[in-house]
Amino acid sequence: MAFYRDSIIAALVTLFLLDGAAVAARLYTRTKLVARGFGWDDAALCLTYLGFVLVCITCWTSMSYGFAAEDEQPYYNKKKATEFYFATQLCCYISSGLVKLAVALVLVRLANTKVLRWSLYISMVICGIWTVVMTLFTSWLCASGGTSNYAGSQTCGVVGQFRTISNIFIDYFYALLPVWMLWKVQMSLRLKLTAMFLLSLGIFASSATIVKLVIITRLRTAKGVEEKNLHYQLLLWAVIELGLAIFAASAAALRPLLKRYSKFWGSSHGHSHDKSHGSNHEPAGPFHLFDMNSHDKDRRITPQRSREAEEAAEHESWTEAEKGWSNEGLVRVHESKV
Numbered sequence: 001m002a003f004y005r006d007s008i009i010a011a012l013v014t015l016f017l018l019d020g021a022a023v024a025a026r027l028y029t030r031t032k033l034v035a036r037g038f039g040w041d042d043a044a045l046c047l048t049y050l051g052f053v054l055v056c057i058t059c060w061t062s063m064s065y066g067f068a069a070e071d072e073q074p075y076y077n078k079k080k081a082t083e084f085y086f087a088t089q090l091c092c093y094i095s096s097g098l099v100k101l102a103v104a105l106v107l108v109r110l111a112n113t114k115v116l117r118w119s120l121y122i123s124m125v126i127c128g129i130w131t132v133v134m135t136l137f138t139s140w141l142c143a144s145g146g147t148s149n150y151a152g153s154q155t156c157g158v159v160g161q162f163r164t165i166s167n168i169f170i171d172y173f174y175a176l177l178p179v180w181m182l183w184k185v186q187m188s189l190r191l192k193l194t195a196m197f198l199l200s201l202g203i204f205a206s207s208a209t210i211v212k213l214v215i216i217t218r219l220r221t222a223k224g225v226e227e228k229n230l231h232y233q234l235l236l237w238a239v240i241e242l243g244l245a246i247f248a249a250s251a252a253a254l255r256p257l258l259k260r261y262s263k264f265w266g267s268s269h270g271h272s273h274d275k276s277h278g279s280n281h282e283p284a285g286p287f288h289l290f291d292m293n294s295h296d297k298d299r300r301i302t303p304q305r306s307r308e309a310e311e312a313a314e315h316e317s318w319t320e321a322e323k324g325w326s327n328e329g330l331v332r333v334h335e336s337k338v
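Under full-length UniProt numbering, read the sequence shown as residues 1 to 338, first letter to last.
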């Protein structure tokens, strides 16, 4: 048990600092580098991080009262340890729903069609209902001994499996949707891959959810010490899952910051556009580069100027996408004066 205790503490401290830095960097990017960039997705993510802070506080307090401890101390209090452990579980359930809403709101900013936007709105409603129902089941109907217990009954075991499996599907839906959104967008390959990577980081958080599913499946037949140890493992991976999800959601908005302070990210030039200077491009939502209209055919651009303009346009297209501007306001073409 001491091993699980040390592992939980290490995960709490590491992810608390990592997520704090990531959220702070995201807020700096949205408020300083992107004009009018702060939105509902940022507010939801900040609220989620506050939920994770509560997870850290309640879990640490529970361990200070003897949760997962092998030794005996006069200040240990089993009742208080159980109460704060239950509070930790409750904060995890609510925060896991909030972080999904934050990711969905990021995608709403980038959606450039009504169908896609409404699909995301519907998914957010489903996610909200899922969070409320699963929280009620796990923290009320499946609470035994003062805490949520998937091993408490056959029904609760099924509920735990359903919650975890549906959690995996939701995570993968929001992680893979950006790939489909960006598949046919006219932008350099490097910028497209960067966007896909940053917006799909939630896949890494889903790996922790898969581990939780294995643990919950084993809980249905576990007894005694094995059951206790599996619950400690479940808490550990729940903390990792939530922490990674917050980090992934925060990192999705950090490209302007990385582009500004890193030479590697400073150039988003793609070979596909080297071959297409002066060609016509159809508007491709908030990520597109130039819309070379017919009245621009007489424009003369030197290769050096063309490259600079393209890189500036890529940065601008990403920035405007982050602000969720409509497709009509995204064309930025400088016409030559006669």
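Keep in mind that the hints were calculated from the coordinates and are not lab data.
Be a bit skeptical, because a hint or two may be false.
Said to hold, decoys possible - Straight line, CA to CA, 25 Å or less: simulated DMTMM-like cross-link-like pairs of lysine to aspartate or glutamate:
hint : residue 1 : residue 2
1    : LYS228    : GLU72
2    : LYS192    : ASP6
3    : LYS114    : GLU227
4    : LYS192    : GLU70
5    : LYS80     : ASP6
6    : LYS228    : ASP71
7    : LYS80     : GLU227
8    : LYS32     : GLU226
9    : LYS32     : GLU227
10   : LYS80     : GLU70
11   : LYS192    : ASP71
12   : LYS228    : ASP6
13   : LYS79     : GLU226
14   : LYS32     : GLU83
15   : LYS79     : ASP6
16   : LYS192    : GLU72
17   : LYS78     : GLU227
18   : LYS223    : ASP6
19   : LYS228    : GLU70
20   : LYS228    : GLU83
Claimed, not checked - Estimated spans, in silico, between C-beta atoms of each pair:
hint : residue 1 : residue 2 : range
21   : ARG190    : LYS78     : 50 to 58 Å
22   : TRP118    : ARG218    : 34 to 42 Å
23   : ALA69     : ILE126    : 37 to 45 Å
24   : TYR76     : LEU17     : 36 to 44 Å
25   : THR31     : THR221    : 46 to 54 Å
Virtual Cβ for every residue (Gly too), placed ideally from N, Cα, C.
**Asked** Within 25 Å, alpha carbon to alpha carbon, are LYS79 and ASP6?
**Response** holds, 21 Å
**Request:** Please work out if LYS192 and ASP71 have their alpha carbons no farther apart than 25 Å.
**Result:** violated, 54 Å
**Prompt:** Between LYS192 and ASP6, is the straight-line Cα distance small enough, at 25 Å or below?
**Reply:** Not OK: LYS192 and ASP6 at ~41 Å, beyond 25 Å, violated.
**Message:** Tell me if the straight-line CA distance from LYS228 to GLU83 falls inside 25 Å.
**Reply:** Measuring from Cα to Cα gives roughly 16 Å; hence the hint holds.
**Prompt:** Do the beta carbons of TYR76 and LEU17 sit within 36 to 44 Å of each other?
**Reply:** 28 Å Cβ-Cβ, so the 36 to 44 Å window is violated.
**Asked** Holds or violated: LYS192 with GLU72, Cα cutoff 25 Å?
**Response** Violated, at roughly 56 Å.
**Prompt:** Between LYS79 and GLU226, is the straight-line Cα distance small enough, at 25 Å or below?
**Reply:** Holds. LYS79 to GLU226 sits at ~21 Å (cutoff 25 Å).
**Asked** Is it true that ALA69 and ILE126 lie within 37 to 45 Å of each other by Cβ?
**Response** 40 Å Cβ-Cβ, so the 37 to 45 Å window holds.
**Item:** Hint consistency between LYS80 and ASP6 [alpha-carbon to alpha-carbon, up to 25 Å]
**Value:** Between LYS80 and ASP6 the Cα gap is close to 20 Å, so the pair holds against 25 Å.
**Asked** When you check the alpha-carbon spacing of LYS80 and GLU70, does it fall within 25 Å?
**Response** holds, 17 Å
**Request:** Could you check the hint for me, namely that THR31 and THR221 are 46 to 54 Å apart, CB to CB?
**Result:** holds, 51 Å
**Item:** Satisfaction of hint between GLU70 and LYS192, Cα-Cα up to 25 Å
**Value:** violated, 51 Å
Checked against the numbered hints given earlier, the structure breaks hints 2, 3, 4, 8, 9, 11, 14, 16 and 24 and satisfies all the rest.
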